[in-house]
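Whenever a hint applies, use it, and build me the whole structure from the sequences.
Residue numbers (the working numbering), protein chains in the order written: chain A, 1 to 287; chain B, 1 to 301.
None of these hints come from the bench; they were simulated from the model.
There could be a bad hint or two in this list.
Under the rule of at most 27 angstroms between Cα atoms (straight-line distance), these lysine-lysine pairs were calculated in the DSS-like manner [what the hints assert, rightly or not]:
#: 1; chain 1: B; residue 1: Lys191; chain 2: B; residue 2: Lys64
#: 2; chain 1: A; residue 1: Lys173; chain 2: A; residue 2: Lys77
#: 3; chain 1: B; residue 1: Lys207; chain 2: A; residue 2: Lys21
#: 4; chain 1: B; residue 1: Lys191; chain 2: B; residue 2: Lys138
#: 5; chain 1: B; residue 1: Lys207; chain 2: B; residue 2: Lys293
#: 6; chain 1: A; residue 1: Lys21; chain 2: B; residue 2: Lys106
#: 7; chain 1: B; residue 1: Lys138; chain 2: B; residue 2: Lys157
#: 8; chain 1: A; residue 1: Lys47; chain 2: B; residue 2: Lys297
#: 9; chain 1: A; residue 1: Lys47; chain 2: B; residue 2: Lys157
#: 10; chain 1: A; residue 1: Lys199; chain 2: B; residue 2: Lys297
#: 11; chain 1: A; residue 1: Lys108; chain 2: A; residue 2: Lys173
#: 12; chain 1: A; residue 1: Lys108; chain 2: A; residue 2: Lys199
#: 13; chain 1: A; residue 1: Lys21; chain 2: B; residue 2: Lys191
#: 14; chain 1: A; residue 1: Lys173; chain 2: A; residue 2: Lys199
#: 15; chain 1: A; residue 1: Lys77; chain 2: A; residue 2: Lys47
#: 16; chain 1: B; residue 1: Lys17; chain 2: B; residue 2: Lys106
#: 17; chain 1: A; residue 1: Lys108; chain 2: B; residue 2: Lys138
#: 18; chain 1: B; residue 1: Lys207; chain 2: B; residue 2: Lys191
#: 19; chain 1: A; residue 1: Lys173; chain 2: B; residue 2: Lys191
#: 20; chain 1: A; residue 1: Lys173; chain 2: B; residue 2: Lys138
#: 21; chain 1: B; residue 1: Lys17; chain 2: B; residue 2: Lys191
Reference listing, derived: stretches of chain B covered by chain A, where coverage requires no fewer than 3 residues with Cβ under 8 angstroms from a Cβ of chain A [stated by the list, open to error]:
#: 22; segment: 29 to 37
#: 23; segment: 271 to 284
The C-beta atom is built at its ideal place from N, Cα and C for all residues, glycine as well.
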Amino acid sequence: MNTRYSDKNPLILRILGIAGKTVILGIACVFTAFPFLWMVLSSLKTKADILNTDVFFPPDPQWNNITSILFDSPIPKYIFNSMWVSLAIVALQIVTGAMLAYAIVFLKFRMRRVLFAVVMATYMLPVAATYIPSYIILADWGLLDSFGGLIISSTVSIFGIFLLRQAFMQIPKGLVEAARMDGASHWRALWEIVCPMTKSSFITFGLMNFIGTYNNYMWPSLITKTSDYFLVSQGLRAFFVRDGAYGTEWALVMAASAVVVIPLLVLFAFTQRWFINGIGGETGMKG
Amino acid sequence: MRNGAGIKRRFQKRYDKPPVVLLFVLPAFIPLIVFWIYPICRSIFLSFTNWDFISPTYKLVGLKNYLSLFRNPRFFEALWHTVVFTAGTLIPTIVLGLILALLLVKNFRGSGIMKFILFSPWITPTVAISIVWTWIFKADGGIANTILSALGASPLKWISSSDTAMLSVVIVTIWKSLGYAMIFYLSALEKVPGELYEAGALDGASKWRQFFDITLPSISPTTFFLMIITMVNSLQAYDQIQILTQGGPSGSTRTLLYMYYQLGFQEFNMGQATAVAVIMILLTVVLSVFQFKASEKWVHY
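Quick look at the structure:
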């Protein structure tokens, strides 16, 4: 009993263990990847093939389904909208979030703890509870159905404040104090000392919120009604309901989904480590 | 050294100048007030009125909105669906996420690509993948039923029957959030100190004992964090419901959030909609406080 379990195991048990592990992981991966695979396969089928359950692979790939989405549909416009609106929102969220997190960690003022408690409390509240009054505010300001309304209502990320605050806490206070002694302003201390030291948290914050905003659906769909201002999720849904007519054009609907989803998967392939290290490592409860 | 400590003490005593503090706090705090704190307060106020969104005036009606909700069977159905949906997504997500993380924590050939696959649903738009799942779940000609009949099972009506619609929405939600839980557990498992296992092995603890006595307590903060996050996400699930079922068939997937959406943005019954919102806030607060209290018993920091 004093040796390690795996050393004592007979070979047969170890082989069974590896087999079991492979089977479980295999099933999980197939289950996870299958909808993506099915989306791509379906997007290349003809109208007849897609309704024929005996046809798994498209016998005659219809690449023009994809090209018609890319060149003759509003989907690329929605992708473009989502792209630049998300970039604008994330840039604002990073600046406002970093400043507030800096204030909470490095500045000394009365109500500092209260301020952080308020931010944390809002982190858990259901955001949907704010939608009706926020909608009315945007209506009063004449910002419904506009990019301005989409951007201005999302300039703060509570998740981001929390993430940066956790990262800033790891920085020795003396570093910032020393910079201040040397005459650096708080603004410079934030961007030239604190920010480079917590670069990975900034990247994680940027990527996570970019994806979140890019994919966001409920709030944008409530405040925009004209297709010129649709973000990609709402645009795709409109395409699904109108052009897809809930099922007559399944191949085109799948092609549209593929055009939306695949660039994100590619982006993720290149940025995977920031997600995986970032969300696992730094937002995990540290206290 | 003495000098440094003196400077430090002097530094800690002094407050920063209010204009500097305001400059750093306000860019985030003003939007936070305008789009978070004020709207929450406003929602609470509106829930005591009979505002219909179109007319410029409204009356205070006291608890009428709440009372009519409590007399409405639709409300209790939605509450029940919220509980079923939350439990039905939270437990499998956490248990399966932990199992996958345990199997993937040691790197091997192909473990990187597996992590990539398992996490990928989380970064794709819920609307896009819900449309794909709508196609998969199609009652006649959908691939889900083709697979079921290939396995010898009888086909299901999935999202078009009130018996299976909730199950379908739950499957999609688990599919999407599984990788997220796995990633959190992976980094938590990597941080469990190896000496603990060596000590456990020396004491003659079996792998099972080690798992229950060492692993589970060590990762309990992550479990707690995931329970809160998954709960908050489930209470707010909207995208997949809107695409897959619109709350139907016959209200079988109408959660509180979806009821809020229908009351507010389809029926323009702002009083009742905000009353549902307030109940959702209370529910979140109560469940969070309950989880925090319970966590003192089983979470080890």
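Results for each hint:
1. B:Lys191 to B:Lys64: Since the Cα atoms of B:Lys191 and B:Lys64 sit roughly 53 angstroms apart, the hinted pair is violated (cutoff 27 angstroms).
2. A:Lys173 to A:Lys77: At roughly 47 angstroms apart (the allowed maximum being 27 angstroms), A:Lys77 and A:Lys173 break the hint.
3. B:Lys207 to A:Lys21: 16 angstroms, holds
4. B:Lys191 to B:Lys138: Violated, at about 44 angstroms.
5. B:Lys207 to B:Lys293: 30 angstroms, violated
6. A:Lys21 to B:Lys106: Roughly 12 angstroms between the alpha carbons, so the hint for A:Lys21 and B:Lys106 holds.
7. B:Lys138 to B:Lys157: 8 angstroms, holds
8. A:Lys47 to B:Lys297: Violated, because 58 angstroms separates the two Cα atoms, which is more than 27 angstroms.
9. A:Lys47 to B:Lys157: 23 angstroms, holds
10. A:Lys199 to B:Lys297: Between A:Lys199 and B:Lys297 the Cα gap is close to 36 angstroms, so the pair fails against 27 angstroms, i.e. violated.
11. A:Lys108 to A:Lys173: 12 angstroms, holds
12. A:Lys108 to A:Lys199: 24 angstroms, holds
13. A:Lys21 to B:Lys191: Holds, at roughly 22 angstroms.
14. A:Lys173 to A:Lys199: Holds, at about 17 angstroms.
15. A:Lys77 to A:Lys47: 25 angstroms, holds
16. B:Lys17 to B:Lys106: The hint is violated at about 51 angstroms.
17. A:Lys108 to B:Lys138: With Cα atoms ~59 angstroms apart, A:Lys108 and B:Lys138 exceed 27 angstroms; violated.
18. B:Lys207 to B:Lys191: 18 angstroms, holds
19. A:Lys173 to B:Lys191: 25 angstroms, holds
20. A:Lys173 to B:Lys138: Distance ~58 angstroms between A:Lys173 and B:Lys138 Cα, so the pair is violated.
21. B:Lys17 to B:Lys191: Cα-Cα ~41 angstroms, so violated.
22. 29 to 37: Satisfied; 7 residues make the cut.
23. 271 to 284: holds (count 7)
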